[in-house]
Structures are given as C-alpha cells and as structure tokens.
Amino acid sequence: MTKFNVSSKMHLFIIISSLVVAIGLAIGLICQFTAGGFFNSGADYSSYRSVTVQYSMPTTDDEVSEICENAFESHGVSYYLATEAENAGGDEIEYRFSLSADESALIAAAQEIDSAVGIGSGLLGSASYSEHTAAFGGMNDMMYAGIALAAAVVFQFIYFVIRYKLTMAAAAFVADLHNLLIYFALLAITRVQVSVSVVAISVFVVLLTMIGCGILFSKMRSDFRNDSFKAMPSFEQVDESLREGFKPVTIINVVLASAFVLLLVFSLFAGSGVYGLFMPCISGILAVIACQYGTLMFTPSVYSRLKQHADNYAAKRVSKYSGAKKAAKSAE
Amino acid sequence: MGKIKSAIITVIVTLATLVLFLFGVVSCGLPDGVHRYNSILSNIHLGSEFTGDAYTTLLPEGVITSEEYNFTVAEEGDKAAEYEETYVASASGAYYVDRDVLEGYSSDTQSAFAALASEVESDAAKLSQRISARNYTSYSVNVVDGCAIRVNVPTNFTYAAYTGNDVTSLTDDLLYASTALGYLTLGGELTLRNTVSSLGQWDSVSSSQSQDEHETVTYNIISSKYDISDIISGFSYYAVGGSYAVRVNLTSLGREVISEKTTAIAESDDTYIRFYVGGTSIINLTCESAITEGSFYIEASDEETARNYAALLNSAVNGGELALEYSYDEVVYGTAVSGENAAMFTAIAALVIFAALAVYAVARYKKLGLLFALMALLFCSAMIAVIYLVGTTLTMAGVFMWLLTFALFTISNFWAYESIRKESQAGRTIQASVKRGYRNTLAGILDTHIVIAVISVMLALIGVGEVAACGMVLLIGTLASYLLYWFTRFMWYTTMSPARDKYKFCGFKREAFEDDD
Chain X
0 MTKFNVSSKM HLFIIISSLV VAIGLAIGLI CQFTAGGFFN SGADYSSYRS
50 VTVQYSMPTT DDEVSEICEN AFESHGVSYY LATEAENAGG DEIEYRFSLS
100 ADESALIAAA QEIDSAVGIG SGLLGSASYS EHTAAFGGMN DMMYAGIALA
150 AAVVFQFIYF VIRYKLTMAA AAFVADLHNL LIYFALLAIT RVQVSVSVVA
200 ISVFVVLLTM IGCGILFSKM RSDFRNDSFK AMPSFEQVDE SLREGFKPVT
250 IINVVLASAF VLLLVFSLFA GSGVYGLFMP CISGILAVIA CQYGTLMFTP
300 SVYSRLKQHA DNYAAKRVSK YSGAKKAAKS AE
Chain P
0 MGKIKSAIIT VIVTLATLVL FLFGVVSCGL PDGVHRYNSI LSNIHLGSEF
50 TGDAYTTLLP EGVITSEEYN FTVAEEGDKA AEYEETYVAS ASGAYYVDRD
100 VLEGYSSDTQ SAFAALASEV ESDAAKLSQR ISARNYTSYS VNVVDGCAIR
150 VNVPTNFTYA AYTGNDVTSL TDDLLYASTA LGYLTLGGEL TLRNTVSSLG
200 QWDSVSSSQS QDEHETVTYN IISSKYDISD IISGFSYYAV GGSYAVRVNL
250 TSLGREVISE KTTAIAESDD TYIRFYVGGT SIINLTCESA ITEGSFYIEA
300 SDEETARNYA ALLNSAVNGG ELALEYSYDE VVYGTAVSGE NAAMFTAIAA
350 LVIFAALAVY AVARYKKLGL LFALMALLFC SAMIAVIYLV GTTLTMAGVF
400 MWLLTFALFT ISNFWAYESI RKESQAGRTI QASVKRGYRN TLAGILDTHI
450 VIAVISVMLA LIGVGEVAAC GMVLLIGTLA SYLLYWFTRF MWYTTMSPAR
500 DKYKFCGFKR EAFEDDD
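As given, the protein sequences belong to chains X and P, one line each in that order. Just so you know, the first sequence maps onto residues 0 to 331 in numbering that gives the first Met the number 0. Just so you know, the second sequence maps onto residues 0 to 516 in numbering that gives the first Met the number 0.
The following block holds chain P by itself, in its conformation from the complex (with noise of 0.2 Å):
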C-alpha cells in the first residue's frame, strides 16, 4: 500500500474512532448555555446497582402507617378519637391495623397479628413470582412487620436520567416502573368480560371501571361451572419485528368454550373480550371472527405493556391470584443501592483497566501497541454504541461479561502478535510472519469465538433477567472481538505499510536476520 493512501485511511479510522469514542462517553453543555449533550454511554439504561430502584408498600385494607396514623391523632380533633378507637399498632409501632380486620382473624389479639402475616406472606411470595416472571435484572418483594409488603424493582434510569440531566427519559421511565407496579400488584381473580348481557352472566364485578375512566357494566362470559384455569392455561409475552402482543395458550376445553364465545361475540354488537383481574380491565381482544386455534395473540403497546400484562395475567391464571386487596400512595425512587456515583466510578475504573492495557501494549509492541490501544478504544466505542441501539440493560454483571469479551479482544489479538513473533524470530519477513501468525492462530481464535458466541445465545434465550442481559452483553461483545480482530489486521497492515523497519514498528527483534548477516 503506499504512503498516501495508508496515511489516509489511518487518519480517517483514528479521527473516527476518537469521535465515535468522544461522542460515546463525554457528556457536556452546550455553547447555547441551555441545551446539554448526554453520550451515548449516559443514554444506555443501567440496572439497579447503578440508578436506583423504584419501590413501593402495599398496604391491606384495614392498614395504615404510623405516619398518618401519628399526623391524625396528633390533630387532635373527632377523627383522632376515632383512629384511637379504631386502630391497633403492629409489634413494632410501623404499621397500625384496624380492630374490625384483626377481629376478622381471631379474637387474641396476638394470634390476629399472626393470620395476618401468614396473608401477607403467602401474598408476598405470589408476588415475588409474578414479577420474576417480568424479566427484571433484579427485584426484591419484602414482608414488612408482617403488616405490608415492600416492592422494589429496578428504575432501568439511563446515567443522564439518574443525574437529572435527562428529565424525559427520567419522566418515561418513572412512569414505566410506576406503571408495572401499578398492574403487577393487582389483586382479584381474571374473568373474560362482555358488555352484552346475554353472552355473559351477572356476577360480583358487574360494574367496572375501565381504564377509560367511563363505568362500564361487564358480564363474566365464561360459566361459573368453569374455572378460569380450565380455560387458559397461560399468557406469555411475545414480540416480532418491533410488534409486542400477549399470547394467549388456551387449554382443549378452552379452545372449544373460546371458539363458542367468539363466535356469538363477532356477531354482537359488542365484538370485544375484556380481560379483567378483580375490578380493573387489563386488556381487550377484539373478535371479528370465530377463534379456533389452541391460541392467540393480543397487541400490546410497547414491550413494557406487554411484559406487564403478560406477567399479571399468567399469574392470575396460574393461582398467583393475592388473598388480600392492597393499595399504596405513590412510588418512590431512591439512590442506587451499590452508591451514589456507583455508575461514574465503574466508568472511571474501566477508563484506568483500558489505559493500564494500552500502555502496556505500546511498551511491549511500540507502534502496533498503540494501534492495539486504537483498536480497543473502537472496540469500547462499538460497544457503548451496539449496546445502546440494542437497548439492553447493563447492569453489574453486565459489566462483568465486558470485561471478559474485552479480555477475549485483548487475548485473540496477542495471541496472534506473539505467534507473528515466533515466526519472525524464525527469520521470517514481517509480512510473511503476519500470514503464517494470523493462520497459526485462526483456528483456535474463530472457534473460541464460536463457542462463546453459541453460549452466550443460549443465556440470552434460556436465562431470563439478569442472566439474559448478560448473554446479550456476551454476544455483543464476542461478534465486536471477532470483528475488530480482523479490523485490526486490515490497520496493522495499512499502518505499517510506509514503515521502514518494520520490526522495529511492532516492537519485534531481528534476530534471525541478524544471523544471516
């Protein structure tokens, strides 16, 4: 290659990656003074070890805080009386619960107290298993004083939300977390509903508020001699090609009692199906045809929609359906659990790993180094970027994984320099020790690159959560290694083309042809 047209490509692929990598992770205002840039490193959505969890405490009816049971009795006026009256305080004076509901339990006090938690527990377990099922990277599901249940999920905040520079993305994902603990924490049983009274029968959820705010009368389309579990044996979360719906499995007795119901629903003057879970309806079904098949498909929204509704009703269906009725007053967002500026010290601590590699590669391998060390910050540029578009979540783990797929980057690409050593050593020319180093090592380095590619498709299919997160982390990185690694060759060659002691460009000794002089 000559001079020129190696001088320009190296100049083209160094200017583009520094931008790429200076877009990629510097955050700055703009000379407006008003508008800010975030990087795309800041856009990408962390787990809950970086931004927080949004969290919230269900109350059962009967149960109040101490909080407001303190503001109303210090008022002093008729309600406070009343709240003396009415409320007992839970063993550690948190929670206060009313007399009627501890009554309803046992008549000992104590033993009340104890019914009570039992509820709770079981709810709170039924719970935890719901939002599993929601594919968070991380959640917990507390009993607290054996009077309420605390939820926490994670916020998924990207770092620019998390530090208040972002208010949009901040606004949208508080309302997905307060959405999806808005729906996950529903208590009641799931009916199919219709507002034509002779396809469906009166029953206790009569009259519904939908999610229109209009009061709508239902009718439970499915006969009482069923249960719901007859029916749908489940509802799982489905996306194709940028569409998100609820999946639907019905059982064979549910194919035949669907088929019947969709049939007289298509010619009424009502062609929905509501799905409901105790009083609220989740989603509609529109029915313009008989429904045969053993299932099918409701369109959701967006992902998070689907993801939510899927959840509840499965969970619903599959006897996850809560004893008690809950309420709570707001969701509340807190600092990450993992610190503060957990997110900007594990940057900067990837920073510090990626100079110590650089600078050891320019000491050992001179100019190849630090065409090694521009490799790498492409490679950390790609990354930020693919992991961004893909939009998955990053959390510690996640982290982790990249660490490991940058570790993979470095070894592929030593592995080949040493072996290129090796050969020039045996008085190789430098051109001919790339050839023989770089097919020496292609083998081993593209099926490594293949295994854990093929590993990290299985996590990312088989592992749901945080495990999946990881896979798709792990085959981000795996394809950016094997990528780059070829990228690398294609620059090592066009670099050091105008070179004139190349041996002396890759760091490597002469010592076979030293011999020969």
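This is chain X alone, in the form it adopts within the complex (with noise of 0.2 Å):
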C-alpha cells in the first residue's frame, strides 16, 4: 500500500466498479428469466421441491433416513436440506430440493419411499412429493426497510456535513451508494441466496462504511492541518493520509471477515450443509469486501478529485481578494 497511489487511479476505480456492477446486472437478468429471479431467493421468499415422509409408528429416525437415503440415491436425486417435525401423529421429515430437480424422478422417489414407510409397512407412515411455489407478500417489509436504510444513509451525510466537510460528506454519500451497489451486484454474480437477513446486511454495510470514512476522514483531517501536507498537492495530501488510515480500516475488515469466516465454519459443523448459516455468512463476507474496497479505494480517489475541485474554487476566491484580506483568506 505505501507505494499505491490511489488519487490518481479514480477512472481505473470506476472502470472496475462498474464492470462489477455491469457483469452482476448481467446474471442477475439472465437469471431473471432463466432461473426465476434476479437474485438467488433464499429461504424467506423461495420456490422449491419436497419429499416429505411421515410416519407414525415407534421407529428410529435414522431407519426411515436410511431408506430415504437411499431412494434419493437410486434415482439420482440429492436434496439441499432434510427439516425433522413432530406432530400430534407421529414424526415428519421434509427433504426439500431445488426446483431444478426432477420431477419424475422425485415422485418415482418418493412412491419408493412410500412403499417402504407406507400403510403396507410396519411403520404406518406415508411419503409423497409436492411442489411449493413462493408467494410473496412482504413487499412492505422490503419498503421499510429500504426508506429505513435511506434514511440512514441521509443521516450519515448530514453527520459528515456538520462533522467534516461537505467534500467529504459527498464522498461518504457516494461511498454508501457504491459499497451497497457493489454489495448487491457481488451477491447477483455469486448467486448467494438472498433472505431477510441480507436486508439487515446491507444497513451492516453502510454502518461499516460509515466507520471504515470516519476513520479516513478523520485522520485526513488532522493531516491537512500540518504545515507538510498544505504544501503537497490535493491527490498527494489524500494518498497520504490514507497510508496511513488504510492500516486500521483494513484490520477491522479483516476482523469482522474473519468473524464471518468462523461463523461459516462452524456453520458447517452446525449440519446445514450449503444452506442456513453458510449463505448468511457469505453474504457477510461480500458485505466486508465490497466496504474494504470501496472504502479504501473507491472513495478516496473520488473525494481527491471533489478534493482539488474544492481547493481550486477556493484559490480562485482567494485570488479575487489582494493584501491583508488576501492573506486573512489564504489562512482560512
């Protein structure tokens, strides 16, 4: 990092954002009308198949997971998640699979199932195969929470105006909207699944922008104070500052990824396979990468050029005024 010049590289910054955003728009609508949505729907709002088998005699689970096993197995068919229920009647189990599955292969599956577990064996249960389409309603939830995370962000910025400047309070702003947009188009390009819970990663994302600039801003700040930086023009004075913020802002993201990280891992041994708290906690580490980077390359080198904007209007007002007014506005 010390020897990266991050002022100078805005356009290569852009060109990288926007191919992110522009491949992420990309799959997201080729999967608008392929697969069924422009993100992966997670479990709140997805469509998917199921075997679900009951059954109502004292038996072990493991006997009828074994014979389910197996009947999945012989027709090739492999199931993304198995929920266990107890009912009034007995055990259930639901073995759900994606809509990508086959069809026939399932029911054939789970009539096999069904001869196994069903009122012909002793465990006087049944198997069958249904279809469960998403409907969704909570488009208001979706509205809340979206005025809520503006709502946020515009906070933010009024804080940056009153606590920094309003160079730096645009920079934020922009920050916000790139680290959410980079955000969304990393979870459309990886397909992670997208629930509620992304909802609340996203404010997760501002809020940690909103550190990762106050700690930017703050130390640009209190350098641009400095004798040494006045006489270092606009791009220098942000690369420097930024050497040295970049340590701090990239060990709570490492922190907090690798937070994530150990939540996956143990998420793994929580027997949820590729769904519950690994997609969440994917999503988490997209979240921690898209601010690494927009906070730290994006938007310094966006606020340099806003930046030198502002210090040349400020030396033209300057050069308006001559003597001791001249000098008073040089000093402010």
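Don't take every hint at face value.
[Unchecked claim] Pairs of lysine to aspartate or glutamate residues, derived as EDC-like cross-links and limited to a Cα-Cα distance of at most 20 Å, are as follows:
no., chain 1, residue 1, chain 2, residue 2
1, P, Lys421, X, Asp222
2, X, Lys218, X, Asp238
3, X, Lys218, P, Asp446
4, P, Lys224, P, Glu259
5, P, Lys78, P, Asp97
6, X, Lys229, X, Glu239
7, X, Lys229, X, Glu243
8, X, Lys164, P, Asp446
9, P, Lys421, X, Glu243
10, P, Lys365, P, Glu417
11, P, Lys434, P, Glu417
12, X, Lys218, P, Glu417
13, X, Lys8, X, Glu235
14, P, Lys508, P, Glu417
15, X, Lys246, P, Asp97
16, P, Lys434, P, Asp446
17, X, Lys164, X, Glu102
18, P, Lys2, P, Asp500
19, X, Lys164, X, Glu65
20, P, Lys421, X, Glu239
21, P, Lys365, P, Asp500
These are computed hints drawn from the structure, not numbers from a lab.
Two independent chains are provided; combine them into the complex using the hints.
Structure (structure tokens):
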C-alpha cells in the first residue's frame, strides 16, 4: 500500500466498479428470465420441491433416513435441506430439492419411500412429493427496510457535513451508494441466497462504510492541518493520509471477515450444508469485501477529485482579494 | 487511588463480571438432580434460523391429503369406495380434490385444477401480506401443488425451550405460534355485530360460535349499503406502558356511522360491538358512551394477541379477504433450517472470536489488554442481559449487529489506547497521556456512537420484522459500548493506580522518558 497512489486511479476504480456492477446486472437479468429471479431467493422467498415423509409407528429416525437416502440415491436426486418435525400424529421429515431437480425422479423416489414406510409397512406412514411455489407478499417489509436504509444514509450524510466538510460528506455518500451497489452486484454474481438477513447486512454495509470513512476522514482532517501537508497537491495529501488510515480500516474489515469465516466454518459443523448459516455468512463476507474495496480504494480516489475542485475553487476565490484580505482568505 | 481501595474495586468488578457471565451463558442441572438452571442466553427468544418454524398446511374446502385418501382407501370399506368415486388426484398425487369442487370451476379437469390453483395463489399472496403485517422476523407462504397453502412462521423458541430444557416456555411459544396461525389464516369478511336485533340486521352470519364456546346470535350493525372499508380505514397495533391494544381508524363516513351506532348501543342491553371475521368473533368493544373520535382503541390481553388481531382485521378491511375457506389439521414445528445445532455453534463461534480478541489485546497491551478482555466480557454479559430483558428476538442478522457493536466497542477502546500510546511516546506521563488521549478521541467516539444510535433508532422505528429487531440489537449494543467505554477508563484508572511501572502495565514503551535520562 505504501507505494500505491489511489487518488490518480479514479478512472481505473470506476471501470472496475462499473464492470462488477455490469456483470452483476447481466447475470441478474439472465437469471431473471432463466432461473426465476434477479437474485437467488433464500429460504424466506424461495420455491422448492419436496418429499415429505410421515410415520407414526415407533422407529428410529435413522431407519427412515436410510430408506429415504437410498431412494434418492437410486433415482439420482440430492436434497439441499432436511428438516425434522414432530406432530400429534408422529414424526415428519421434509427433504427440500431445488426446482431444477428432476420431477419424475422425485415422484418415483417418493413412491419408493411410500412403499417402504407406507401403510403396507410396519411404520404406518406415508411419503409424498409436492411442489412449493413461494407467494411473496412482503413488499411492505422491503419498502420499510428500504426507507430505513435510505434514512440512515441521509442521516449519515448530514453528520459528515456537520462533522467534516461538504466534500467529505459527498464522498461518504458516494461510498455508501457504491458499496451497496457492489454488494448487491456481488450477490447477483455469486448467486448467494438472498433472504431477509440480507436487508440487515445492507445496514451492516452502511455502518461499516461510515466507520471506515469516519476513520479516514478524521485522519485526513488532522493531517491537512499540518504544514507539511499544506504544501502538497490535493492528490498527494489524500494518498499520504490514506497510507496511515489504511491499516486500521483494513484491520477492522479483516477482523469482521474472520468472524464471518469462523461462523461459516462452524455452520458447516452445524449440519446445515450449503444452507442456513452458510449463506448469510458468505453474504457477510461479500459485504466486508465491498466495504474494503469501496472505502479504501474507490472513495479516496473520488474524494481527491472533489478536494481538488474545492481547493481550486478556494484558490480562485483567494485570487480575487489582495493584501491583508488575501492573507486572511488564504489562512481560511 | 490507594492500593487497598483499588484492589477491592478490582476484585468486586472482576467477580461481578465473571458471575454475570456465568449466569449469562452457563446452563446446568441443579444439585437436587431434578431441577435445572437455564442461562440468561438460553432464555433469549431466537429467530427461525436457530430454532425453526411452526407451520401448517391449509386445505381449501374439498381438498384432502394423499395420506388421508390412502388410509381411507386401504381400509376397503364403504368410505373407500366413496373416496375413490369422489376425489381426483392432483398432478403430483400429494392432494386429492372433490370432483364437485372441480366441476364448480370447469368441466375439464385440467382447467379446473388450473382455476383452483389460481384462486389458491391469490389467497396465498393475501396471506403473505397479512403475515408480513404481523411483524415476524421471518415467515414464508408457499402454494403446494396448486391445491394447498403452507404457512411458516417462526416459533421464536428460546434455546432452552428448543432443546427441551424449558417445557413451560416451549408450550407458551407453541401456543403463541398456533394461535397466530389460527387467526392469521381465518377467511371471511369483516363485520361489526351486536346481539340486539333492532340495532342490526340479519345476514348470513346470524348465528356464530363465539370464543367462549356459547352460541350467540348476532346481527350486522353496518347497513348493507356500505362496504366495511367505507367505515373503517384500517387497524393497527398499539402499545403503551405495558398495555396493548388494537387501534381502529375510521373514515369520515365511518365516524358518523359509528357515532350513531355507539349512541344506540350504549343505551341498549348489549353494550358490545363484536368484530367478526367470517363466522369467528375476534374482539369486542365495550360502548359505554358514543364514540365520536376518528379513531378508538380496543384493549387486548397481551402483545401477541394485539398483533394477531391488528394484522387479521387490517387485512380483512383492506381487501385481504380470502376467496376460499381453509382448514388445517395441526401446527407442526420443525428443526432449525440452519441446522439443528446452529444456535450452539454460533455461540461457540462467538466465544472463539472473543477469545481471539482477548489474546490479541493481552499480547498488545499486557495488563491493560487483560482489563479490556474483562470489560469485553462485561459487554457481552450486559448485551445478553439487556436483550433478554427487552425481549427482542435474536436472529442471525441480529448476531451480525451484535458483532458490529462488539467491533465498535473494541475500536473505541483501541483507538483511545493508540492515541494514549502516541502521547506517551511524546514524553508525557501515563496519567497525562491518558487524559490527553481520551480528550483527543472523545469527539470522534462520542459522535460515532450518537450517529449509530440514531441510525439504530431509525431502523427500529421505521423497519419491520427482522430489520426492526436488528435496530434494537444495534441500539442496545451502541449504548452498552459507550457506557462501558467510560467504565473501562475508570477501571483502567483503578487497576493501574497501584502499579509501579505504569508503562509496563499498558504494554507501552518509555521511549521519550529514556531519552530524557
């Protein structure tokens, strides 16, 4: 990082970000028409196929599981989630398959399981195949979450205007939007499942961006007061401050990413396979990646331009004055 | 501060923190071998990722499951023949539909199934909206084979209930989930009813079974020339000071009509207005005098009930009336979709994160790092206690917010420590460095906390469901972080007082001091 000059690379970062967003948009649109959604819907919104096995006679779950596993294996289908449930009539296992799973194979597997656990067997159970189509009526949830998120971004902008400068606030605002866009693009590209928790992780992105920008801009503000900095051009000032601010922001992001990785590793042991905790953790890691890139690469490069314009504007204003007034304006 | 005073405070705080942490996270059997202590953490209500969903499958009238069909047919009695004659299997064979019901749609079986599926899908979308208004942290509504609707809501079990260690809580949570599903899946239109015949008019729901199991003949008090949405604009959940209610908002026409009707009802033998959805009495309003305001409140027994009533009634008045009548056998609760032991593994992961941070802090700041680790332990214990007391549901996203606030607490302290290290490197004494270091970082830390607190309040107030729950966790964490930031400074002052080499205590180097020598 010590040799890397971020400020002069704004165009490069714009190209990289645009590429990521464009790829995300393209994959999302392709999937919208071919795979049933711009994003990969998570448990809250997803449609799926299932084989449900019910049994009432005393037996071990392992016995039923073995029958089902064998049936699925013989018909060449594999499930992504199995949940067990208890009810008054006995036990129930639901195996969930993606919509791309072969329907006829699933029906055949369900029939095979039914003959093994059904009324003809000692288990007095049943097995059936069904297709579940998600009905999404949660637009209100999304709308309110969107409003809350927008309010948070606007409030953060106001805070940066008051606490720092308008140029820094504008850069922080751009950082929020950029990081959210990159995050959503990464979700579309990686096809990580989008569930309600993604809305909360979007808030996480905004807060992490704010913390990162806060650290950087605090550093810049104190550095810019030094005489050694005043002599430097805008780009160099920003780069110099960024070199010092890079480490703490990266440490925060690395620590958070490590925490997500740790949760992810543990989630594998929790028996969730690629479902459940795994997807939110991946989603969290993507959020941290978006913040690391956006806050430390894209934002300073944008801010350096804004600062350059602001400095030029201030210099022009100073040039209008002469004598003591000029000295006073320069000092400002 | 004197050595003895310092030692006493340090011991008290350390013991209190450890005891709070132990009570917070460790569950164990009691010595009597019968009873059990469930930790505060295991008594926090968890989202469906950790403790699973309660679900039920709603069957429209005339639809039965393949299980029922197969069992009946296997018995080979008269009923078996009747079933074989009456029912037609759905495409996958999971459900059977009455021929009469299908003929009601079309004589062509395939078209009839498609029409049934279309109605069921429309109802599923309405149910999804209704449940969305119930403010659950997660839920799902699925159309099954175009013949049935499966509704999942979180059980919100505590970990103790989920693992079977708290049967009372398990029963309560299941009852809440079952009751909610019972109300939220009710079909039929909303009517306002009274038992005095002169006040209302006879309609198709003239005789209804009320909640107290007594059959009550009721009359619709709203004239048939009005639609209910002309009278009532909506219902919402309302809570203040531990009381819960359903707020009823009237239209301007509704205000006139209700004023006129309540004047008459207040003087009649039956002073109740009964709010019915279909044939089921939902909630009663006692009218002791005329209601002339644009809105009024009906008290509910608890939060869950008020939320159920508000979501159902609001849906019923705003076009969410279900086209078909549904029934269900039972409410089933399953294991967590994230994995049966997801909650336990998440807790272990959190402990590992904490341990790693503590090791780093001790390695970098020596005894000060140890003090930080103790304060971080206090932070976690305080979070557990407050989340439990507030009653917020902890979801996976909530855990992420917790993680973020823990990071905030860590960043705040480490930022101050680094600032103090810099000051001490400039040749100042530790006491002077601490003062200057905290002063330098005060503004940044204070306003970061204020901004995050304001954002969390926005999320909690504007957001619904999981977002609101996240906002609450974020708010609790931010407040805890700021309070404990100052408590950490106090404890630093207290524990460092007796130390001879204060630089060594903090893991700082005395560069400037040595230069002076």
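Unmet hints by their number, sorted upward, for this structure = 15, 17 and 19
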